[in-house]
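J.: Taken in sequence, the protein lines are chains V and D.
Under this note's numbering, the residue at position 59 of the first sequence is numbered 59, and the numbers go up by one with no gaps.
Heads up: take any position in the second sequence, counting from 1, add 1000, and you land on this note's numbering.
Mixed in with the good hints there might be a few duds.
To be verified - In silico contact screen, one side only, chain D against chain V (beta carbon under 7 angstroms); selected entries:
1. A1165
2. D1167
3. E1187
4. G1188
5. L1194
6. G1268
7. P1269
8. Y1270
9. V1310
10. W1317
11. G1318
12. A1321
13. M1322
To be verified - In silico DSSO-like pairs for lysine-lysine, Cα to Cα no more than 30 angstroms straight-line:
14. V/K2 to V/K34
15. D/K1164 to V/K2
16. V/K35 to V/K64
17. V/K87 to D/K1242
18. V/K249 to V/K154
19. D/K1164 to D/K1148
These are calculated hints, taken from the structure and not from any lab test.
We treat Cβ as the ideally placed atom computed from N, Cα and C, and that holds for glycine.
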Amino acid sequence: MKHLISAGDLSRDEALLILDTAEELARVSERSIKKLPTLRGRTVVNLFFEDSTRTRISFEAAAKRLSADVINFSAKGSSVSKGESLKDTALTLQAMGADAVVIRHPASGAPHRLANWVRGSVLNAGDGTHEHPTQALLDAFSMRQRLGRLEGLKVAIVGDILHSRVARSNVLLLATLGAEVTLVAPPTLLPVSVERWPCQVSYDLDAVLPKADVVMMLRVQLERMNAAYFPSAREYSRRYGLDRDRFAKLHDDAIVMHPGPMNRGMEISAEVADSPRSTIVEQVGNGVTVRMAALYLLIGGENQ
Amino acid sequence: MIVIRNARILGGEPRDILIVNGLISEIGAGLGGETVIEAEGLIALPGLVDLHTHLREPGREDAETVETGTRAAARGGFTAVHAMANTSPVADTAGVVEQVWRRGQEAGHCDVHPVGAVTSGLEGKHLAELGAMADSQARVRVFSDDGKCVSDAVLMRRALEYVKAFDGVVAQHAQEPRLTEGAQLNEGEVSGRLGLTGWPAVAEEAIIARDCLLAAHVGSRLHVCHVSTAGSVEIIRWAKSKGWNVTAEVTPHHLLLTDSCAEESPVGPYNPIYKVNPPLRTQDDVNALREALADGTIDCVATDHAPHPVEDKETEWGAAAMGMIGLETALSVVQEAMVETGLLDWAGVADRMSTRPARIGRLSGQGLALEVGAPANITLYDPAVRTPVDPTAMVSRSRNTPYEGLTLPGRVVATFLRGRPTVLDGKLV
């Protein structure tokens, strides 16, 4: 593994290696001194062209716990806001000797482009409406932690699939790991060729819930409402929101996930979000260990 | 006096062609002349005519100029190009079209026929002074807001009607704007996987259907730019079957490449060199376009040569400019897609790349058969070689060719504009 750009690039063995490594590293997080010397002398650049506090601090914490030097580069207030191109930014980072670049960018495919211009590893921290592979890895990690397995697990992913990088990465990774994914959304929020994806598709959340082991609710962006993808927030919530009544249809061991940040009362009700079967807070903690594992496996080798 | 020896006119038996005073004066065997050009094994075609070229001048001389763009055209075997109107300032007045026309005359590499904008500033609100452009020295006959669609149905109707007065044609860039807001790539399997906003086929087809009906209603001439989908082909075939005056063009890149290029390229996915409008479509669309060009439903090949400087392509996909250059590779791509596949012979190529585009553009001295008395607009082409496409060897000011890394057949050896060589031995004269 040189880069981590698409969850679809991971073989089953590579994906499991990341999850197993994360599990070992999780034990470090439980110690009072959480730091390992593994990446001492290595430089990790967090290159964020979009506001994302949670993903950025998660990567920052992961790199710091492995003793890497971390440079945070946010597009606001930098030369990027003065019109510098992605290529020139990449060449600058290259000149500074970045071993890994963690990139969050509003354009789909920006990490692929970046990988042409830097010698270090590129980690995709979310690109446009394309992918967010470490989110999928931490979701798989959380599922395995709670339910003990991934093979054969029935996972429902609910919401704005069309614009969701979380959904794309999860579909690819979970297919590789043997889980059975069903995407649930109004037809307007599904890509036109979704039937070719390695998953099932349904418009009916109520029909899917009783069989699901995992329900992953996606955030609904307000701007989708203005673009007529659905008539109103209330109608969306009635048809696709996970409220108390729908929650009751889940079997007793099923868990509820959300990549955050949540719209409480829209796609998920507060009591569901705060229930013990919600993994939402664990997902945040697991994010750090999974990202530690990814950084370690990409740039922790002897030959770097 | 120039004599071209042993050229195979439209791929036929070897003949000598004698050129005197810019005209073909004799065709036969064993002819003599002051200058002899050996053309053994070469095919002679009437000089190619492009209905759709972006020369970028005035305004974007960093990407291309009339001088550099027409050099590229001559290199590609063209003796006439139509310069699109989306310059800065827009070619929407007699002054701008005459300036472009005059620059073409000065450059002298091929004829330059400016296309006039349909609406002022390409804004889609008011008709530009079409009559003034038609009456100008540039004698504009093709009008287009290319780059933008004349989406207002009333305005399109008026434009179609108005140009009848001077036998003009409206060349429509068919793109329903609301269905393509933020669109990046053909809407389908690839756009779904890549997370790029889709450009649905229906956004092209809906406008073409509407415009065919409008053209029929007002009895006007419609030309459809860069047809890219199988559905568009069906609509145009239907309109032609009704006897309506509809013509259409296809670009070389839509005959050869598909949207899968956005997912797989030598430098990984999302290489914006493949970003173009209309977008590359699917293999089914490519097959339908080839068949339509072969059976004449699509009248001609037009390059949509769209030069962009490096910095507008060395970016993330979403930020990149749309378009690709095509003048210097057009004939090779057509050979690859149409001749090697047995869909067109060389007479067919001449018809689709010279005769018909000249007729649509109402050019009198272009696109004529290579016969005694005709102007000596001649392209000599060697179909037997295959060479890797080398962007650095091109004479266009821009390098955004999508064919880098491909090996394509054929090479333009010489181009003659009214008897004067503009290209000899593959090099500009």
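J.: Next, verify each hint and record whether it holds.
T.: Right, here's what the structure says about each hint:
1. The beta carbon of D/A1165 comes no nearer than 42 angstroms to any beta carbon in chain V, farther than 7 angstroms, and the hint placing it at the interface is violated.
2. The beta carbon of D/D1167 is not positioned within 7 angstroms of any beta carbon in chain V (closest approach about 42 angstroms), and the interface hint is therefore violated.
3. Because the smallest distance between the Cβ of D/E1187 and any Cβ of chain V comes to about 6 angstroms, under 7 angstroms, the interface hint for this residue holds.
4. Interface hint status for D/G1188: upheld, as the beta-carbon distance to the closest one in chain V is roughly 5 angstroms, under 7 angstroms.
5. Against a cut-off of 7 angstroms between C-beta atoms, the interface hint on D/L1194 holds, since the closest Cβ of chain V lies about 6 angstroms away.
6. With 7 angstroms as the threshold, the beta carbon of D/G1268 comes within range of chain V, its nearest partner Cβ sitting at about 5 angstroms, so the hint holds.
7. Interface restraint check: D/P1269 against chain V, minimum CB-CB distance 5 angstroms, threshold 7 angstroms, status holds.
8. Given the 7 angstroms rule on beta carbons, the hint for D/Y1270 holds: about 3 angstroms separates it from the nearest Cβ of chain V.
9. Violation of the interface hint for D/V1310 is found here, the shortest Cβ-Cβ separation to chain V being roughly 10 angstroms, above the 7 angstroms cut-off.
10. Interface restraint check for D/W1317: the shortest CB-CB distance to chain V comes to about 5 angstroms, inside 7 angstroms, so the restraint holds.
11. Nearest Cβ of chain V to the Cβ of D/G1318: about 4 angstroms, under the 7 angstroms cut. The hint holds.
12. Checking D/A1321 against chain V by beta carbon gives a least distance of about 13 angstroms; that is not within 7 angstroms, so the hint is violated.
13. Annotation: interface hint on D/M1322 violated; nearest CB of chain V at approximately 15 angstroms, more than 7 angstroms.
14. Annotation: proposed proximity of V/K2 to V/K34 holds, straight-line Cα distance about 26 angstroms (limit 30 angstroms).
15. For the hint linking D/K1164 to V/K2, the alpha-carbon distance of about 62 angstroms lies beyond 30 angstroms, and the restraint is violated.
16. Restraint check for V/K35 and V/K64: the C-alpha separation of about 7 angstroms stays at or below 30 angstroms, so the hint holds.
17. The suggested pairing of V/K87 with D/K1242 is violated, with an alpha-carbon distance near 53 angstroms, which exceeds 30 angstroms.
18. Straight-line distance between C-alpha atoms of V/K249 and V/K154 comes to about 15 angstroms, which keeps the hinted pair within the 30 angstroms bound.
19. At roughly 22 angstroms between alpha-carbon atoms, D/K1164 and D/K1148 fall within 30 angstroms of each other, so this suggested pair holds.
When each numbered hint is compared with the structure, violations occur for hints 1, 2, 9, 12, 13, 15 and 17.
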